[in-house]
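K.L.:
As you go down the protein sequences, you meet chains A and B in turn.
Read in our numbering, the first sequence has 142 at position 142, and its numbers run on one by one without any break.
Read in our numbering, the second sequence has 109 at position 109, and its numbers run on one by one without any break.
Hints listed in this document are in silico derivations from the structure and should not be mistaken for laboratory results.
All the given hints hold, so there is nothing to weed out.
Simulated DEER-style distance windows between Cβ atoms: (1) A/Phe14 x B/His101: 40 to 48 Å; (2) A/Gly136 x B/Gly185: 38 to 46 Å; (3) B/Pro109 x A/Glu164: 53 to 61 Å.
Beta carbons: idealized from backbone N, C-alpha and C, even for Gly.
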Amino acid sequence: VSISRDIERYAGLFASRTRVMKSSAMRDLMAVTARPEVISLAGGLPDTSTFPPDTFAAVTQRIAAESCAKALQYGPTEGLDETKACIAQVMAAEEMRADPEDVVVTTGGQQVIDLVTKTLIDPGDVVIAEGPTYPGAVPVFSSYQAEVVQVDVDADGMRLDLLEETLEKLDREGRRPKFIYTVPSFQNPAGVTMSLARRKRLVELAHERELLVLEDNPYGLLRYEGAATPPLYKLDGGVYVMYLGTFSKILSPGVRLGWVVAPPPVLEKINLGKQAADLCTSTLSQLMVQAYFEQSRWRDYVDSLTEIYRARRDTMLDALADHFPPQAEWTRPGGGLFIWATLPDFIDTTDLLARALRENVAFVPGEAAYLDGRGRSSMRLNFSGCDDDDIREGIRRIGEVVTEQVALYGTLTGEERRQAPVASRQGEGAGAEVLRMPSRAERERRATP
Amino acid sequence: VSRVAVLKGGRSLERQVSLRSGARVQDALERLGHEVVAIDAGTDLIRRLREASPEVAFVAMHGRDGEDGTIQELLEILGIPYTGSGVLACVRAMDKVLAKHLMGEAGIPTPEFFAFNETAFRELGAADALQAIEERLDFPIVVKPSSQGSALGIKFARTAADVPAALVAAFSYDDKVLLERHVAGRDLAVSILDGEPLPIVEAVPQSEDFYDFESRYEIGRTSFVCPAALPDGATERAQELAVRTYRLLGCYGFARVDLMLDEAGELAVLEANPIPGLTDTSLLPQAAEAAGVGFDELVGRILELAFSRTPVA
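Make the full structure from the sequences, and use the hints.
P.N.:
In structure tokens:
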């Protein structure tokens, strides 16, 4: 007689949506990356070490003196008006205006992805995302059993020609996507930015086809060069574009404060979803942000972060040029926190991570950014969370193991001198028009007026 | 009642599983009335062991360090009795190449294989021998790192074109890899407690492609049957092979031996795990329960055995 096993005893109780949640070799590998001796280029961590403790103290004292009872109390589900005033300032910095009535304050930007998906997706419904897409969105889409169709990006962001093809194809199959999820500026993980022409076309398409777009814009203000590209929300005026904003990258991810702007009927459902999820966003966090905005120049802090991250990006780009083999390619982000590197297709970056961990260095394997098993030869590298020395050393170590594997593959196939193809040519990875990294001399020339 | 140090975590790629095994062992030991000190094995391991001065150590670590004899060696030096296999058995079992050679010599069936380290390819032109190996083993060929405890890094090369990339992947985990004949059939695990075999657990894949890490360890994607319903005599033969393997490698206390039962009814031993998982979804605890040994009792017996080990000469 078979006895019922522990595992099966519980398995019978699990909702079917848990079956598609990703848990993997990668998660086991990532558990090792948290150890202190590991240089982790895997995180998406902003550097919070330069935030002035005096400011933090003043903010908390102010709350203690002026709004202690309120800070300790529940708040409205949609968020405090004081917080919405700060949100208006942040959006104005990118020339956007939103009616406070159309804003819901959320527990981080991540909650927006969750609430929008919860609001719009029945199991089997289609979401269109970029390929690669934000790895943190993958488990959200999976847990609502969305069917995710990923549209490749190139140096100008999501490829609209492929998007149109995809929409046509879905049309023919009688399936209508519920929304398009995009990180148009300094994309996570690819680091690329959608061009203005494509943004205009995307908004046009949304109007033509009555499609919702979720614009995730955590990095728009972390711009290291070039002119700002207007957010989709600004181009569309909030008709079909839902906007996700966050304080995580311009102030602190620890306050867990984000927001969503959406058309009123959608927002109403999102609000109900939020009420069910957590009643309201932390009042304490909201008042901290308000106090901070009132007594400090938040733009100055963003500017200081921008300076730090720009230098780190340059350090990483230089290190990549110095240490990665010629068969590798990578993007050159004009802002944000990430570089996306693509290796020859015989290298599986999940396995490579195991090798890299032996050298105490970590990155995010590209497969984390796909739901369909692609991306296996790419990796996401974060440059905001480590200092220059760690970035240089981390990239040197990764470069060494990649070089070693390229050489080994050459030995195994007897084609040492052959230039192996980069995986990204068709579909795989951030692909098509991955930028070549300009030399240090070129960059210096450009920087000199 | 003893003062027990539970060693868990560490740097191995199976850190997560080990933390879960360790936590569960801790709870069991506490229920049994022992004083428990949990240690996540890191650079301060020796210092923390000296501070804690336990009477015995329960090693709940999997993979590198915990299962390859390293931790055991350190415990020998410190003179702390510990659970499970000693240094030599760990060295033999964790090194699949060594274990399979020993099995071959002892007449224990194990899938045909060829093993190489990177030097063989880099400096001795072993790549030129790949074709001969491929002809000898037939496709698909299993390519795996010699010492990885879990399924990480195991690749199935379906054609000759897959072999180089599979080797590169396997070398990510270890300097030594093996190419092994693939045995299609039923996946069996024989757990052994104090030299005696427990009821067999069969892993039945739910998804089509069984050959990846995810499906093998994921709830809902593999179901486990215990005791496995096998053809006449197969249970006894599998248990006997497992016990012979356990003895051959010099295991002590407990272990798990994984075997395949092919379509012709032939058994082959794949590997022995000196410290199999002890989580709530692991196979050894399931097998013990099927034999009427609850988790606390299992942990209690493994602990007792640590005190009755014959000292290493």
